[in-house]
Structures are given as C-alpha cells and as structure tokens.
Amino acid sequence: MDRVYRVGIDEVPKRLTLKEAEELRLVFVVMPGISADVPFDISIEREGVKLEIYGLYLCPRSEQVNFRVRVRHLVGGSTSTQLFKGIAGGSARVGFDGLIYIAPDAQKTKAFQENHTLLLSDSALIDSRPQLEIYADDVECSHGATTGSLNPEELFYMRSRGIPEELARRIQIHSFISPVLKYLPEEYRRQILARL
Amino acid sequence: MKNVQDIIPAVTQHEYREGFVTDIQQEFVPKGLNEEIIRTISSLKGEPQWLLDFRLDAFSRWKKMTPPSWGHLSRLPKIDFQDIIYYAAPKKDSDRPKEIDPALQETFDKLGIPVGEREVLAGVKPRESVAVDAVFDSVSVSTTFRKTLAEKGIIFCSFSEAVREHPELVRKYLASVVPVGDNFYAALNSAVFSDGSFCYIPKGVKCPMDLSSYFRINASGTGQFERTLIIADEGSSVSYMEGCTAPMRDENQLHAAVVEIIVEKDADVRYSTVQNWYPGDAQGRGGILNLVTKRGLCKEGAHLSWTQVETGSAITWKYPSTVLQGDGSTSEFYSVALTNNWQQADTGTKMIHLGRNTRSRIVSKGISAGHSENSYRGLVRMGKGAFGARNFSRCDSLLIGSTCGAHTFPVIQNFNNTSLVEHEATTSRISEDQLFYCNQRGIGPEDAVGLIVNGYAREVLQRLPMEFAVEAQKLLAVNLEGSVG
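Protein sequences appear in the order of chains A and B.
Counted from 1, the first sequence has number 42 at position 42 by our numbering; the numbering is strictly sequential.
When you read off a place in the second sequence, starting at 1, and then add 1000, the result is the number in our numbering.
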C-alpha cells in the first residue's frame, strides 16, 4: 500500500508500529518554501514486513528541513529500504538523521538506507547522519550517503549536443530526483517539475 | 563436524600474553588530584615555570568540565579521579644513572621491544630497524638510535627531555593542535601528563628509519597520561609507530593520552598504532580504559596517514583526526578495531576540510565477537573554503556470533557546493558456507576464521609497516581464539 505525505500540508504520523506481515510504501515530500522538522519512528514487530520509505525534499531558498527517521527491526525476517533525496539551494539548511536499529535476535533482517543530497549554492548547508545500530549477526545491512553538486561532465555532454545550459541543469536535477519522484501521484509530480 | 556455534567461542578465548607484572621498585606520588599533586609532578620532572603554569591552567579548566557521555559505551565505569596515582616511575639506582635497569630491559625484551641497540650494532640484523622510545608507567626509560638520528638533525627523545633541551620547540607547538580545553580528557592530560615521545624532523629530511614509541603500564592503581608531539617540518617525511601493553588486573586502569602532529608544508607523516592494552578477562573484569585524543594539522600539500589496529582495552574512546588546513593537503584513516568478550570500542575519525582541493579517505573495519560492542563514529566536514575537496568513507562491520553489536554513526557536514562526500557502510558475518568451504579443503575452523578475518582486514593491514603488519596479523588471529561461529 502506498501512503504519500506532503510535509507541512498533510498530517504526518510521528510513530508507526507494523504488527502484520504487510508491504508498505511511505513517501514523504517537502515542497519548496516549506520548513519542517520531521521526526518519524517506525517499529517492525512482525516478520514478513516489506517496508519502503522514500523521501524527497526540495529546498531552493532559505528553508530548514530536518528528517529524523528511526527504523526499528524488533523481530527478524523483515526488509526495509530507505531512499532520501534532497536538494539544497539558496541559504537552505537540510538535515537527515536516520537510524536503522536491529534488535538482538532479529535475524534474517535486511535493511538498507540511502541519503543523497545536491548542494546547489555556496551558502546552503547539509548535515547528514546515516546510522546503523546492529545487535544480530545474520543480517544484511548497508547504508550510503553522498553530498555534492551537479556533475560538470554531464552538463558538458548535454551542452555539446545543443541542449541549452538551463535545460541541461533541469534535466540533471530531474534525473537526480526521479527515483523518488516516480512514486508520487501525477498531480504532485507536475507541481514539482513546474517549479524546477 | 563442529558447528559454528562451538567454534566461535573456541576462537575468541585466549590468554593475554603481555599480562605479566614487572617486579621493580617504583616511586609514586600520593593518590588523588589537586594543585599540590600537579606541582609535585612538575617539580619531580624539573620543569620550568611556564609548563607548570600551563598545567595549572589546564587543571582549573578541567575542574569546570564534565566527562563526555555521548559515546556508545554502556560499560564505561564512573571514574573516580581522586582514586588514581598520577605519577609512577621506576627508581633509578645511583650507581647506574645512565643505564637501563636490567629488570626493565628484561621486560621489554619479553615484549619483543628492542630497547638496546646492541643487536643491530653487532650486525645481527641485516638493516637498521627501528628507533624506540620506551615509556614505562610515567617515564621514558630509554630512547635508542638518538645519535644516528641527530646526525640528520632529527630530534627523537622523551617529552621531558625535549622540555629541557628544546623548550622553544615545545613551547611553540604544545597544545597548538589539541587546545587545553578541547575536551574533558585532553584537559586532564594537559594538567597531569607525565611522559611520551617528542619528535622533530627538520626541513627536507627523510627520516632514515621508523620511529616508534612503546607504552607499558606496570604499577597498580595508576593512570598513564602520555603526551606525544610530532613535528614534521617543510618537505620532511617520517613513519611513526606506537604500541602498548599492560598487566592483567581486576581493576580498570586509565590511559588518557594526547597526541599532536604538525605536518608542515609538503611534509609526509605516517602514524601507525597497534593498540593491545589489557582488554579485561572473559567476564569483563578489569582492563584498560583507553580515552585518547589524537589530532594532526596539515599545512599546504602535506599528507598525514593514520593506521590503527585496535585489539585491546576494555573501553576504547578514540578519534584520530586531521585538520586539512592547507590547500591540497591529504589525509587517510585506516582502522581495524576488534572487540571480544565484554570490550567496547567507540572509535573513528574526523576529517575537517578547510583548504582547497583537500582529499581524505576513510577505511574502517570493525570486528565484534563475544558480548562486545563496536562502534564507528566519524565526522567529515567540508568548510566554506574547501573548494573542490573530496572525501570517501567506507565502514564495514563483521559480526561473529549473535550476542555482539556493531554500529555506525557517521556525520557528514557540507558547507561547500563544489566539494564531494561519499560514505558507505555494510555489515556481514562469517557464514557457515565460508567455514565449510575452508574445512572441506583441510583448513581447521580456527585457522579458517583467522583467514577470513585477515582477508577482511587486509586493506588496512597492508598499510602497516612490515614489523607491525606481522604482529597485527598474529594479534587478530590470537584475539579471536575461541570465538568462531
């Protein structure tokens, strides 16, 4: 089941407990102009849960967005995937503080977490804390985080093929956010693309 | 066939080889910490007034500070700082003022540390090996090859001697990288530090041999407060190694060191540690509390590399850090941290990028077994002026058995949009498949674990100087004895 939350507009739950073996996809989106602190704590208490969490935050001006995500695997045999993508421009401050917790004996858990942020201005700030706390050995767990700016070689490639710089940058940003964008309803997607 | 559950305990339980006590007459200052004790330590070491003022200033700051509690260390006992002897030194015989006490000589021989130069001078070893500064409790007992090094203008001596003979250098650089009030334990160290190594490599000199410090805690009820200062002047290079051991005791002993490294323009420093303090027994009694501040400062084009193998200590709290101040400076951090039984380690690094085009690389390999906890904690910070800076971090954890914990707490702060930071981490375990594969080919279960662990840690072990690499490999294998799973 998909649940989409527009932070600052929809009501976002702070805490969630999964007691049934279900497949759940949560998508958080922070539209430009919105500042928010998003604490989110989810506990998995049943094996067979397949959880996907996606986050997209667009902060082109002076927004302050901070995600604090806790994914707790209290029993084994479940899978969680997290992908958070953000863009920081202007004097925005974006933070991602994510923790995967795997309880003792929560064996056969698979948990993955990724956070990628684009830094588009020299006065924006990124603070990323992807964390793992693991107490079981038979698990598959990884996290990754990157921060950086648009790749100049890609830009050059497109420009040398006659794509104007403005458009080329939009394409780069579009492709950067598309792994999350694709889980948003058509209407939100259009709103976001119009504001790139 | 033995199954994994039986093999792991077998591999992780072993005897601590270095756990003996040297029976030697020692002099102590009374227990406790106050201004009087600090004055006593300072006068015992014959220090000038400025250094005493430095200590007293540190002490007054320390009194206002509280111990940090953010580490992932549930077993860090409350330390009673009034219940520690802050200075212990082997007594010097008046008839042998120059020579090293035979009992000490024997101790270091037993530990395999060459505190005498005879072997090399007699041509037993094919090449000059390592210059050693041996520190026993609170004092340095011997520094070898000083003459050979002095010919090149290199100063390598104990910290106390440096204060006497090169006060201008010590005064200039002391606390320039780790300020007195940097943190609780650094302030404590600044107030009561006893001895450590001092090393100065002049401009353009490549140090002809590896320099090494060996720290030994012997006396009971004491703490060791090592202070090391390494200065590599413009264009020079040096490889520096550090080792440490302590006797087996049921009490916790405190080791709070401060290491400062200044890497001037285009200089190159390699700093390697094999830390093998007593880790406590299988029930988690005793062991060294290793609470250490290590930091280096890189000027333009300089390079600093940290390599550490952490196998000992009941508690490790240690974050060797580099401030990449100069443009184009580079730093690396390679670490293997192994925890077994009830050990806890919270270790990692900080890479502070300030200059343009600075580069850093972090490779951390954690191995947890038994009931231990092993955390990587790191900071990568790209400052406003870090144009074109890059960092790559990789933190892997290996869990052996289902009662241990492995954690990763990285922090990435990016203030500059032309810099690039990448971080990745994974966890894995030694699987039955891997063990079966080895067993099937005639490799016993314990050797198989040793093999897998060494393969896992290889990227880091390769970075160690020869002598250390061999020791480190053995240590990893031995420390895992009784833990296969």
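Just so you know, these hints were derived from the structure itself, not from any lab.
This one's a predicted model, so the numbers in the text were calculated from it and none came from an experiment.
Heads up, some of the hints might be wrong.
Below, computed lysine to aspartate or glutamate pairings styled on EDC-like, alpha-carbon distance capped at 16 Å [said to hold, decoys possible]:
1. 1063/B with 1018/B
2. 1474/B with 1018/B
3. 1203/B with 1268/B
4. 1474/B with 1447/B
5. 108/A with 1432/B
6. 1384/B with 133/A
7. 1350/B with 127/A
8. 110/A with 133/A
9. 1206/B with 1268/B
10. 1078/B with 1268/B
11. 19/A with 45/A
12. 1384/B with 127/A
A few chain A residues facing chain B, derived, Cβ under 10 Å [said to hold, decoys possible]:
13. 16
14. 89
15. 104
16. 117
17. 141
18. 147
Taking CB as the label site, the calculated pair distances span [stated by the list, open to error]:
19. 1204/B with 61/A: 44 to 54 Å
20. 1048/B with 66/A: 22 to 32 Å
21. 1074/B with 46/A: 39 to 49 Å
22. 1080/B with 66/A: 36 to 46 Å
23. 171/A with 1441/B: 51 to 61 Å
24. 1443/B with 159/A: 34 to 44 Å
25. 1168/B with 61/A: 31 to 41 Å
26. 1283/B with 123/A: 51 to 61 Å
27. 1462/B with 162/A: 46 to 56 Å
28. 157/A with 1462/B: 33 to 43 Å
29. 1394/B with 61/A: 50 to 60 Å
30. 1221/B with 123/A: 52 to 62 Å
31. 186/A with 1462/B: 49 to 59 Å
Backbone N, C-alpha and C fix where the C-beta goes; we use that ideal spot for every residue, glycine too.
Hint-by-hint comparison with the structure:
1. 1063/B with 1018/B: violated, 35 Å
2. 1474/B with 1018/B: Cα-Cα ~14 Å, so holds.
3. 1203/B with 1268/B: holds, 11 Å
4. 1474/B with 1447/B: holds, 11 Å
5. 108/A with 1432/B: holds, 14 Å
6. 1384/B with 133/A: Given that 16 Å is the threshold and the Cα spacing comes to 31 Å, the pair is violated.
7. 1350/B with 127/A: Status holds; Cα separation ~15 Å.
8. 110/A with 133/A: Distance ~13 Å between residue 110/A and residue 133/A Cα, so the pair holds.
9. 1206/B with 1268/B: Given pair residue 1206/B, residue 1268/B holds - Cα atoms ~9 Å apart, limit 16 Å.
10. 1078/B with 1268/B: At roughly 39 Å apart (the allowed maximum being 16 Å), residue 1268/B and residue 1078/B break the hint.
11. 19/A with 45/A: This hinted pair holds, its Cα atoms lying about 5 Å apart.
12. 1384/B with 127/A: Satisfied, since the Cα-Cα distance of roughly 14 Å is no more than 16 Å.
13. 16: violated, 23 Å
14. 89: Residue 89/A check passes; min Cβ-Cβ to chain B is 9 Å, inside 10 Å.
15. 104: holds, 7 Å
16. 117: Where the cut-off is 10 Å and the nearest Cβ of chain B is about 8 Å from residue 117/A, the hint holds.
17. 141: holds, 4 Å
18. 147: holds, 4 Å
19. 1204/B with 61/A: 44 to 54 Å: Given a distance of about 51 Å, which is inside 44 to 54 Å, the answer is holds.
20. 1048/B with 66/A: 22 to 32 Å: This hint is violated: roughly 51 Å between Cβ atoms.
21. 1074/B with 46/A: 39 to 49 Å: Given a distance of about 28 Å, which is not inside 39 to 49 Å, the answer is violated.
22. 1080/B with 66/A: 36 to 46 Å: holds, 39 Å
23. 171/A with 1441/B: 51 to 61 Å: Distance hint for residue 171/A, residue 1441/B holds at roughly 53 Å.
24. 1443/B with 159/A: 34 to 44 Å: Since residue 1443/B and residue 159/A have Cβ atoms about 57 Å apart, the given range 34 to 44 Å is violated.
25. 1168/B with 61/A: 31 to 41 Å: Distance hint for residue 1168/B, residue 61/A is violated at roughly 53 Å.
26. 1283/B with 123/A: 51 to 61 Å: holds, 55 Å
27. 1462/B with 162/A: 46 to 56 Å: holds, 48 Å
28. 157/A with 1462/B: 33 to 43 Å: holds, 37 Å
29. 1394/B with 61/A: 50 to 60 Å: Given range 50 to 60 Å: violated, Cβ gap about 35 Å.
30. 1221/B with 123/A: 52 to 62 Å: holds, 54 Å
31. 186/A with 1462/B: 49 to 59 Å: Check passed, 53 Å falls within 49 to 59 Å.
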